[in-house]
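Here the structure of chain A is known, so what remains is to put chain B in place on it, guided by the hints.
Protein chains: 2
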Amino acid sequence: MTATATNIGLDGVIAAETKLSAIDGEQGQLIIGGYSLEQVATQLQFEELVYLLWYGTLPTVPQLKAFDIMLKRFRQLPDNVLDVLRVAARQQKQPMDALRIGLSVADLDQQELDSNALSCLILSRSASIVATYQRLLSGDPPVAPDDSLSHAANYLYMGSGVRPTQTTAKGMETYLNTVIEHGLNASTFAARVIIATQSDLLSAVVGAVGALKGPLHGGAPGPALEMVFEIGSAENAEPAIRAKLNAGERLMGFGHRVYKVRDPRADVLAAAAEALYVNGQQRAFYELAKTVETVAIDLLAEYKPGRRLQTNVEFYTALLLHGLQLDPTFFAPTFAIARVAGWIAHCYEQSKTGRLIRPKSRYVGERNTSIAPIALRSHLNLLSAERN
Amino acid sequence: MTATATNIGLDGVIAAETKLSAIDGEQGQLIIGGYSLEQVATQLQFEELVYLLWYGTLPTVPQLKAFDIMLKRFRQLPDNVLDVLRVAARQQKQPMDALRIGLSVADLDQQELDSNALSCLILSRSASIVATYQRLLSGDPPVAPDDSLSHAANYLYMGSGVRPTQTTAKGMETYLNTVIEHGLNASTFAARVIIATQSDLLSAVVGAVGALKGPLHGGAPGPALEMVFEIGSAENAEPAIRAKLNAGERLMGFGHRVYKVRDPRADVLAAAAEALYVNGQQRAFYELAKTVETVAIDLLAEYKPGRRLQTNVEFYTALLLHGLQLDPTFFAPTFAIARVAGWIAHCYEQSKTGRLIRPKSRYVGERNTSIAPIALRSHLNLLSAERN
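These protein sequence lines map, in sequence, to chains A and B. Per the working numbering, the very first residue in the first sequence carries number 12; after that it's consecutive. Per the working numbering, the very first residue in the second sequence carries number 12; after that it's consecutive.
This is chain A alone, in the form it adopts within the complex:
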C-alpha cells in the first residue's frame, strides 16, 4: 500500500505551467497574456486578445487583418448545424446542450483543416451557434452574419437581428475580453486532459463545453440578478437580505473560491454595465443593483465575519448581459463563446508539453473469489444486504 493520500479535487496540485493567465486571489489581480486585466479588457479588440493568447504576441495591423478574414470565413453556419439546432430547439434543449451539439457537427462541411483554421472555425461558429439558437428558441428565423461587424458586435446582431450601437458592441467586447481566460478551471482542465492524448481541438472544446454546463463550474451567472429583481426597491434591500442570511441562504453573486478580495473582473464589468443603463427606468435598476451590492457586502461582513466575501464576476456579468438584453438562459453560453478562446490557447500549450494526463485511482472494492450463478443471486443479494 502507498502512503499517498487521495486528492479527489486535485486541490493544490499544479498541473500546468502557463503563459496565459496569472490569478492573484490575495491581491485581487489578474494578468491575461502578460497584461493586466484592466488593460486587456478595455484597450483591445476581442480579436486582438484572441491572437495574443493563441500566438503569444499582440498582432500587427496586417496580422490582425489576416486573422480577421479567417475568422469571418467561418461565421456562416452550414446547413447541417442549422438542422440539428432546429431539432434541439423543437425539443427545448438547454442552450449549453445546443452549443455542444452544434459544435460537434460544426466542421462537417470542411475537409481536413489545419489547426489555425480549425481554431478560427470553432471560435466563429461557437458565437454563431449560440446567437442562432437564441433566434430559433424564440421562433425567429436565423440572421445571416454581417462581415462589416466585429466578432462581439456580430454576435449581438445575429442573436437579436438588431444592429448594435457602439455602446452595446463595446459592452459585449469588454465582457468577452474579461472572461476569456482564467487558469485551470474545470472546463479548461477537461480540454487539456482531452488534447493531451493528441486528440483534436474540436474534441477538446466539445468536452470543455460539457464541463462548463455543470452548475458547480461557477460560470453560470444566471441566478445572480434574481435577488435584485426579488428585492425590487432600495428600502427593501436590508430586510430582504437579512431574511435570506437568517434563513442560511447563500447570496448568489458574492464570494469566490480563489479571490479573497474583490474579483478584479467585477470593476471592469461594472463600468461596462453602467454605460448600458442610461435612461430613467434602466438607470433606476442599475442604482438598485448597486444598492443591493453595498448592502449585501455590509451584511455579509456582519453575518460572516472574517470570510471577506466580495462581489464576484457573476454579479456584474448578470448586470452587463441583462443590459445587453440577453435572457439569463443565455448567460452561460455567452460565457462559453468567450472562454472557448482560452480553451484553445490552453490546448496549444498542453500539446507543446507532449504529456498525457493520467492520475491514479485507489481500489476500495471487494476481492471476491467466485461469481455466483445467476439463479442463486437474489438469495445472495439479500444476505449481503443483511450484512450491511
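Incorrect hints may have been included.
What the hints assert, rightly or not - Straight-line distance between alpha carbons at most 35 Å, and here's what the computed DSBU-like set of lysine-lysine pairs gives:
hint, chain 1, residue 1, chain 2, residue 2
1, B, K255, A, K271
2, B, K315, A, K363
3, A, K363, A, K271
4, B, K271, A, K363
5, A, K363, B, K255
6, A, K30, B, K371
Said to hold, decoys possible - Simulated DEER-style distance windows between Cβ atoms:
hint, chain 1, residue 1, chain 2, residue 2, range
7, B, V173, A, P384, 31 to 41 Å
8, A, D35, B, Q38, 24 to 34 Å
9, A, P384, B, A155, 47 to 57 Å
Worth flagging that the hints you see were computed from the coordinates, not collected in a lab. Where is the CB? At the ideal position from N, CA and C, for every residue including glycine.
What follows is chain B alone, placed relative to chain A:
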C-alpha cells in the same frame, strides 16, 4: 512562490477511490467490479457486467431482464443521428469522430430521461452508431437492430448484416468484457472531470470519446497486427524483428506503462481469438501471430534487458477483432463501445463525491506594464524576436 513542483502528467497523484477496478501491474492482475478479469471476461454476459459496474451487484434474473429491455429500447437510431452519420460518411470522417458526432445528437429524440435511462441510451446507441457507420462508410444501407440478439451479437449483426455464430458472438462479448474498465486512463479521467461539475452523462461521455481518439491514449490497437502482416512467414519473423529493433523502431503491441509482467487481458483475448481461426489459412495466420509474439518477446528481452516488455492488450485485441472481420479503423471505436460502460460507472462514482476537480497552474509568462499601440507593434515584435 510555492515549493510545490509542477506535475503535468499527474504522475502518482491519486485522484479517485474506486470500486470499479484494481490494477496490479507488478503481479499482472486485474480485478473488475470485485471479481478477477478471468472470471468476468468469460463467465458473464456483457449486460450482466455492465449492471455490476453501474449498480454495484450482479443482477438477479428479473433485474437482468428489466435491464435488457431498457437497453433494447434504445438500439434503433433516430433519424437525426442517421442524418449526421450520413454527412460524416460523405466527408470520410474518422470513425471516432463519427461516434462523437452521433452521440452528441443521440438523445435529441427524447424528452428528459432519468440517469438510468440515459445511461442505457448511451450504451445502446454507441454500439448502433459505430455499427451503422461501418455500413455507411462502405456504401451499405444501415441494418435494423435485432432484439433477439445480445448487445455483443447485435453489434456484430448491425455492422455486417450477417447474423453472428455462437463463436463470433462469444468472441465479441469476451472482448467487450475484457476492456470495459481499466482505472483512471485519460478518457475515464476526462469523463470524471466533466461530470464533477454536475454536468450530464452525455456531456461526460462525449468528452471521453474525444480523449479516447488521441493516439497517446493507448486504446488504439490498429497498428499492432500490421507487423504480423508485414512479416508474412514464420521464418521471416526473427530477421524482420531484429531489423526493426536495430533501426530503433518500437514494436507495436508490446509493453505497457502499468503492467511490468504480462497484461492479464492478453491471455483472455488470446483464448477468445484462437476460437475464431479454425480453418486452414485462418489457422496459419493465427499460428504466425503466435510465432511473431514469441520471437518478439525473446528479442525484446535480448535488446532491452531489464525492461520486461510483454505482449499487451493491443496485440490480442487486434488478433481477436481481425478474426471478427472488423477493419482496423474500427478497432478503436469498438474499444469505445465497451469502455463507455466504464465511463458511465465512473461518472456515478464521481458524482457521489460531490467534488469539483480543479488543479492549479503556475504562471510563467511576462508581466508587462502597458499595451503597445497596434501601429508600433511590428517594430516591437522584431525587437522581441531579436532578444530571443
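So, going through the hints one by one against the coordinates:
1. K255(B) to K271(A): 58 Å, violated
2. K315(B) to K363(A): 29 Å, holds
3. K363(A) to K271(A): 33 Å, holds
4. K271(B) to K363(A): 29 Å, holds
5. K363(A) to K255(B): Holds, at roughly 28 Å.
6. K30(A) to K371(B): 13 Å, holds
7. V173(B) to P384(A): 31 to 41 Å: With Cβ atoms ~32 Å apart, the hint holds.
8. D35(A) to Q38(B): 24 to 34 Å: About 47 Å separates the Cβ atoms of D35(A) and Q38(B), which means 24 to 34 Å is violated.
9. P384(A) to A155(B): 47 to 57 Å: 34 Å, violated
Violated hints, listed in ascending order, are 1, 8 and 9; each of the other numbered hints is respected by the structure.
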